[in-house]
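> Each chain, letter by letter, is given below.
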Amino acid sequence: MSVSVPETTSKPAKSFKIDLKILGPLLALILLIILGYSLNPLFLGEGNVTNLLTRSAFIGIIAVGATFVITAGGIDLSVGSMAAFIAGMMIIIMNSAVDSMGASIWTVLLGVGCSLILGLGAGFINGFLTTKAKIEAFIVTLGTMGIYRSLVTYFADGGTLSLNSGAREIYRPVYYDSFLRIPYPVWVFIIVAVVGWILMNRTAFGRYCMAIGSNEQVARYSAIKVDRVRTWTYVLQGLCVSLATIIYVPRLGSASSATGVLWELEAIAAVIIGGTMLKGGYGRIGGTVIGALILTAIGNILNLTDIISNYLNGAVQGVIIVAAVYLQRGSFKRAIRKKAE
Amino acid sequence: MSIKALTLALAATTALAAPSLAQDQVKIGVSIPAATHGWTGGLNYHANEAEKRLEALYPNLDITIVTADSPADQAGDIEDMTSVQQIDALVVLPFESDPLVEPVRQAKEAGAFITVVDRGLPDETIQDVYVAGNNTELGATSAEYFKTRLGEGDNIVILRGIPTVIDTERFDAFMAGIEGSGITVLDNQFANWNRDDGFEVMQDFLSRFPDIDGVWAQDDDIAMGVVEAVRQAGREGDMFIVGGAGMKDVIKGIMDGDELIPVDVLYPPAMIATAMDVTVANFMSNAPVQGQYILSAPLVTQDNAEQFYFPDSPF
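Top to bottom, those sequences are chains A and B. Number 79 in this note's numbering belongs to position 17 of the first sequence; there are no gaps in the numbering. Number 244 in this note's numbering belongs to position 53 of the second sequence; there are no gaps in the numbering.
Here chain A stands alone, though its shape is the one from the complex (with noise of 0.2 Å):
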């Protein structure tokens, strides 16, 4: 397993510019704080900051499994479709079960049961066709992605799925009310990121996924499962998506065919602005958590200010994004020192 070191380790030498890799994503949080700060002082304002951190739930507990599947050298486009699916059948399960006992919090545990089971087995089923089938990552979940998204569609009849109004009310708090101060999706997201945390940098599945990633060759004839693992990471991200999903419902009560669009970019974008390796082998966890934090003060930020033309929105977010990873890399130091020499 001597082939799973990943590259910091290779290069000892100067102990700040390694602080400046694992920092990287910090900073640049740190300057698009400073930079909303500037430009609005209600950035910082207490129900902002909520607000801010509630809806990076979504991504960031997305973004954590896509973390694994990632680093294991995998990629899952399906996420945002598959998302926008289960909130689709747990809407429909809800409300067909409220039929039956009435809207009670067993037809709400009973949607989110069946949230759990549908993002196990959609995961399964892409871990399962990308190591048995041996079909790209990239194929079958740009397959499932158009099958998820289709479905949703269809059981909508092309227009929005919605909770049956006393389940709703059951349901509500469980995205609106807090804990500590703190909103339960937040306490969701946490939990997931410290749980991904442990399961990367403290366990041998981690350690084995940045073995996969970095070298599946090696990996194998070092004895490591490696199609076990790598579907493992696939039901992981599920599972996150399933999470993701429990919480979502309750904050509209909705599902349409326009829930979750491009939640799949967002998530990888989260992981790679956190410092993870696009080509796997090498995962950060805290990097994910930030990175989502910055994809939605991006957001935010423009929200609050309007001295950007509305139409320059996404030109803004591409710089950022850009220029996170740009100062994550460390390349700007690299570049300043060739200069130098």
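FYI, nobody ran anything at the bench for these hints, they're computed from the structure. Since the model is a prediction, treat every value here as computed from it, not as a measurement. Every residue gets a Cβ at the ideal spot worked out from N, C-alpha and C, and that includes glycine. Treat the hints with caution; some may be incorrect.
[Stated by the list, open to error] Derived list of chain B stretches under chain A, where covered just means 3 residues or more per stretch with a C-beta under 8 Å from a C-beta of chain A:
| no. | segment |
| --- | --- |
| 1 | 220-231 |
| 2 | 283-289 |
| 3 | 373-382 |
| 4 | 406-417 |
Following the hints, put chain B in place on chain A, whose structure we already have.
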């Protein structure tokens, strides 16, 4: 042997084709975008309802509805309908205006009667009939309503759709409508005709502006997201919200006297049915139908909401 089989096959096809020729069947192709969000979902519903109704009315009428996922898809659909099915008329709601000019022109040159719906084609000589909602009027009607509720010193925020011509027409007409009324537009942002974005943009507006008296959400899907954000902030009593289009949940709320969304401005997905009716009338009646049919964008209030309520529609 093979020649005999061929003759038999030919005879069989001719026999099958014969009755339709004899009855002078009218074939109408309807090409619309797939149901990818609420409004197009409503569009699909109303197209299918109109097909059932019209085919029951006229036995010699054959309507085919095809839905496309992209402009390129739609161009392919129209080519197929023209060359393979040899349609007598085409009802098309273009995904995008420019890329569909040539396919529709080919259908026209093949002899089809052309009805264009909603998003116009830049070359108007291709179409025989144009049926559309009125984006300018939607903006203007909304502005009129805001002027009845608000005045000097009142503040509103605007949540727009996606950067497109439709959005700009609505927005410009609204801004022109409220000019001189003393109403201040605090800011406008795109919410992409989407509930989630409506929710998030409105959350930010709420934390940024302590005094908001009205919200123009420009679309009902966005308005549904705005409602949740306003409820979360506990500011239901401070403001009212106006969407647009005619989503059934919103219309139902207006019928029931909802104070948060007191009115709606119509931009009906049922316009596809109007277009199909007019196209069929060209073949089945002796009245001229060529020209432009611009549907108005009336204000839906508690008094008239019932006539715009379609409980079975997905939208």
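> Determine for every hint whether it applies to the structure shown.
Here's how the hints hold up against the structure:
Check result for the segment 220-231 of chain B against chain A: holds, 6 residues qualifying (beta carbon to beta carbon below 8 Å, three or more required). By the rule of at least three residues with a Cβ nearer than 8 Å to a Cβ of chain A, the coverage given for the segment 283-289 of chain B is violated, with 0 such residues. Requiring three or more residues with a Cβ within less than 8 Å of a Cβ of chain A, the coverage given for the segment 373-382 of chain B holds, as 4 such residues are present. Taking a C-beta to C-beta cut-off of 8 Å, the segment 406-417 of chain B contributes 3 residues in contact with chain A, enough for the three needed, and the coverage statement holds.
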